[in-house]
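Engineer: Got chain A sorted already, so can you dock chain B onto it with the hints?
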Amino acid sequence: MTDPHADSSQSSTAEWERLSTLFEAAQSLPPESREQYLDAVCAANPKLRAELEALLASAGDAPAFLQDLAANVVAPVFDRVVSAEAELETGDIVAPIPRTGTRIRHYDVGQRIGGGGMGVVYRARDTRLDRDVALKFLSHARFADDAARRQLVREAQAVSALDDPNVCSMYAIEDTDDGGICLVMAYCAGGTLRDRLRGSLLSIDAAVRITTQVASGLACAHRSGIVHRDLKPANIGFADRDVAKILDFGVAARTIGHATTGVPTLAGTLPYMAPEVLRGESPDTRADVWALGVMLYELLTGRRPFVGPTDASVLYAILEQQPAPLERFDGAAIPAPIAQLITDLLQKAPSSRPADGSAVLARLEELQQFERDIASTSRDDEGNSPGNSAINSASNAVGNATRNLAPTRTRAWTPGAISMAVAALAVVTTISLWSYSHRSRVATVAATSLEVARTTAPLPTIAVLPFAIQGESTLNYLREGMVDLLTPAFDATGLVRGVDPNAVIGADIRPANARAGNARLDSTLAHEWGARVGASRYVVGSVVRTGSTLTLRATLYAASGEERGRSQVVIPNASDISLGVDGLVRQLVSTELRAPGDTLSALAASTTRSSGALRAYLDGERELRDARPAAAVAYFQQAVASDSMFALAWYRLARAAKWSEVDSLNRAALERAFALAPTLPPRLQSIVRAYHAVRLGSPRNAERVLRQLVADYPNDVEAWMLLGELLYETNPYAGRSSDEATSVFRTVMRLDPRNREVTVYLMELAARADRAGELDTLFTMYFSPNSAGEQPGIRRTYLALHARRIVNPGSQQTTRAASAQRADAQRADAKRAEAQRANAQLDDPATALIALRRVGADARDLVAAKAFARSASSPSAPAAARLEGLLSLASLFVAEGQIDSAMVAWRLAQQRDSGSVLVAQTLAALAPDSPVPQDSLPALHQRLLRYVASYPSEGMPLGNAALSLADQTAVLHYLVGVLSIRMNDQGTVASSARQLAKGAGRSTLASTLAQALRGHQALAQRQFAEASTALAAGMVDVPARVRMLVPALQQQVDRVALAEALRGLGRNEEAAAWRASLRDGPAVWSAPYLGRSRN
Amino acid sequence: MSRPEEPLSQSLVHPVDADEPVTALLRQWADGDSDAGEHLFALVYGQLHAVAKSQRRRWSGDDTLDTTALVHEVYLRMNGASGLAVRDRAHFYAVAARATRQILSNYARRRRTQKRGTAATAVSLDKLDVLGIPRVDGGASPLDRLWDLEVALQALQHIHPRPCRVVECRYFGGLSIPDTATALGISEATVKRDWMLAQAWLHRALKEHAPTND
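Going down the list, the protein sequences come from chains A and B.
Numbering follows our numbering, in which position 591 of the first sequence is assigned residue number 591; successive positions increment by one, without gaps.
To convert a position in the second sequence, counted from 1, into our numbering, add 1095.
Treat each hint with caution, since some may be false.
In the DSS-like style, the derived pairs of lysine-lysine whose C-alpha atoms are separated by at most 30 Å in a straight line are [unchecked claim]:
# : chain 1 : residue 1 : chain 2 : residue 2
1 : B       : Lys-1302  : A       : Lys-47
2 : B       : Lys-1287  : A       : Lys-47
3 : B       : Lys-1302  : B       : Lys-1287
Keep in mind the hints are simulated off the structure, nothing from the lab.
For reference, chain A alone in the conformation it holds in the complex (with noise of 0.2 Å):
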């Protein structure tokens, strides 16, 4: 390109330096006296000059302009970039080495049509046989690559062994003058298919007749061993008008028999992605099967099966749901046998899938035999014409024939599933409807009336009408009664302005009532009246009473006169009609903006009188979905402060406190919560009583009662996230798998899409169980750029312990190659690095403390909580951070078998807190293959039990304040026993059992452990089945928020014992499974009891 300015400097380095200082200088003096500075400046030099002048003259505008470039032209079209390129699928939109007008070989290279997963593609013209063709190049980013080349070859041996006519063709791979090499590959004039669905809707016959010749291709690449595992309407190209080709072979696999070779990575794209690929299982030709089910899906009715406003509702929606309902915009019915197709396309489990193209290329071709046939005799009937109308009519004409061709399998489009398939559709529709307290955030999905009405103006009015009373006229004062209670209710959701109509038709509505008695209110009354109040909306309602029982009635209408929604509420006795009117309210409002499930801001607004105090607690709630704990904390205190009394807001102060891991926080506000339930109706009482019970009480109460409530209330996000949290944090203890909270905490998200705490819950699960595919989309979406807050220490936690977890096939090659080559650089430079890194820790003690807690048993956890321990031991840590750390490093380095480095650490440790030191090397000693040396046992054995006799008169209290003494008590006296028991010290086991046995009335602790000790006693006595009885009685009782505070409690001498006494029993999969538990939940503490597999 030209430069413009070549003429105008031919500065130097110098040069730039002295127009600098001089222009400084300038820029520096009062206007007036810039001509005279450059007079003297400039004498001989007038160029210099001019240029000083021209750059004065320009600098007092050039930061705002350089702003409003950059708002204005750079951030829009970075962005646009991004979005273009996954508006395109065209992967690497950037050709940094352009080829155009270039000659390769004997081909002259054209315009670029394109990019792969990796590669650029162009057109380009052949000259020796006058064709067009298409040649692939490696991207910019990737020339360097070995990997990427090998891939890149690969792949074109993958095609050139292909031969069917919709595979696109591989003519040859040629070497560039640039050292790199390209495929050359047939050319498809005729665009991808993602161009033709950006048109207008595909007719069903064509969206048939491409499905089918995809099928074909398909079917050869499986014959041939090969899966595209990239399937998608970007890479079926035409060749000419009619004959579609399967392209970009980039990402394929070979496989032997079904399963695919080599390490399973993630490629594809994720609306096309099925099931088990993304839990990370590895793709087989059933995957493209899947794919194509997505693709035919997509072009009969110009949307994906599965969608949703997030990436992880899309992901949960392939994993969990069914296909949103198959319906054309154009209205035209999808034929039976094809809705049975995709249905068969669709199936969640490969198994149930047709098993590889030529299966699904043999239901099309007899589907279209079909068609054939039936059109042939409808032309030999009326002379129909061919086109849509020939399959539909086929369809109707072959109704049973359409059944033979899968006869097991047309259950599954029954109405159940279809009202299923649209409840979910409802709930992605919904986006952001609760979260209407989200002042940033614009809603993207169509709207309801009332939903823009609550954006963009004034909120909406409603006008509740008298209700119609029946069956009992000392009920009539509720005729206007619920009026009152209505109204306010509704004021009080935030999200409708309740109107009283009183003020507007009061005078009429009495003679009306005297004239219309106890009657229904008629319907041309009530739009008159509805329409004179002037609301938006209308309720009518009736109360009919039956015995003691009360049923509410309410529909409300649009102003039109249009129904909007309708709800009915039964209660013991009009006592209760408060309850009454919640349930209404809440049911009228969530029908009118489809809410995705009950959340407890609809009901926040019936517990306080406050309104600051609603104001703050909707302002927490906000926060908290925004993923800042802390900020909701805040908004939760000062809804408190507000009122008192506001039950819900301590309880979710409790839950924010518990997420921002301020335990004593948690702990104070939940009492108070709890304290205050019996003001709260029976739901949320059950709600703050279950999670009471979680953290401070019996887990197993806990699990009952949130059972019965998700039983009771199937959308009730609160009870569903609590279930889950129990079961995260409790099955470990009860040797149950984890996979039950996962399950739940999906429910979740499908319930309430935006829920963000759950998001870290299933990120955690996700992470444990190497899902990768879902922990990169979680992760994508909590972390998004996009999101409106995040908390920075989750953030990094999940990065330091997650990010190298997380397979991105376009960067992750690279990477690989990069280390591999700089593998030798890097020892070298090691220890250089080591010494310069030592400023570079995680610089936050408390961030490196949210981290160690999260760690899992992963050996890369293992190595990454080391430095986080080293972080919140540093010493300028808070002396409970640094002792934390120090004993989470002793243990982390007892697990390697490093005794000298952890005896270091916890001498180090003692300074601050010797009896949690001595427990901490107890625990250590006790692991299975300590590397504790057994003749050092005695020496602890007797430093326990002086520690033991003299406490706590000398001792300082455990670790923890918030533990009672008679459970600190307890725990000691625990750990006694079963050190004894390995000393065989039969006496001082006694006197343990004793003690323990004593100190049941003060602690609930007691007896549980005094279970443990004696399952120990039994197995070292092997008596299995005692043993086990007594380990696994009392395990799971012990509360989640004691657990956290002794290291010991999590007791893992217990699970490897009871895993032992099942062994003994020969139930070998029950031990395996408490075995396996150690694994599960965090590590830092169970690390010395996983078995040590280093060297």
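Structural biologist: What follows is chain B alone, placed relative to chain A:
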């Protein structure tokens, strides 16, 4: 246990984690290994794309993607929570800023090439407008303005490479003046001077050279 023990105090201070190519590359680059620099650039460039793409994969909100946030995301992804030493971090951000500029200019160049191309590709340019880049007053599209900026930057780079780097760091990477100074190994005062003059210089250049319409 089989490993020779190092004193704990030392192992507390010097954690070992060998899984970090970025640091090594940065250091080799700082030591004058230009291959390492190129390699790092390719890595960051790829990551920037991958991250931006995954952020935007579909269904994202309507908010504009913040380039600075994106660069930061790439930083976190590539360096984990352990982070880098101050100097390395600044270098890293400087590389990312360059990559951002590169992505933008490549895009602008390609689009303009298409514009000059056949009618068929002109359609895709129209599509660009459909995608939401408004034409501004005077008929200069953001794409034109971006290209003009790039041309001016190249001119600046040609005659005065250092201030151009300063602009890259400050403008495309959002680096502070001290960070820019660290990244480029020059004093803060120099950064300030360069930044002031370069802004004026660019403004003048872009004023003089109204949108090119070739």
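Engineer: Indicate, hint by hint, whether the structure satisfies it.
Structural biologist: Here is how each hint holds up against the structure:
1. B:Lys-1302 x A:Lys-47: holds (19 Å)
2. B:Lys-1287 x A:Lys-47: Given pair Lys-1287 (chain B), Lys-47 (chain A) holds - Cα atoms ~24 Å apart, limit 30 Å.
3. B:Lys-1302 x B:Lys-1287: Within the cut-off at roughly 23 Å; holds.
Violated hints for the displayed structure: none, as all numbered hints are satisfied.
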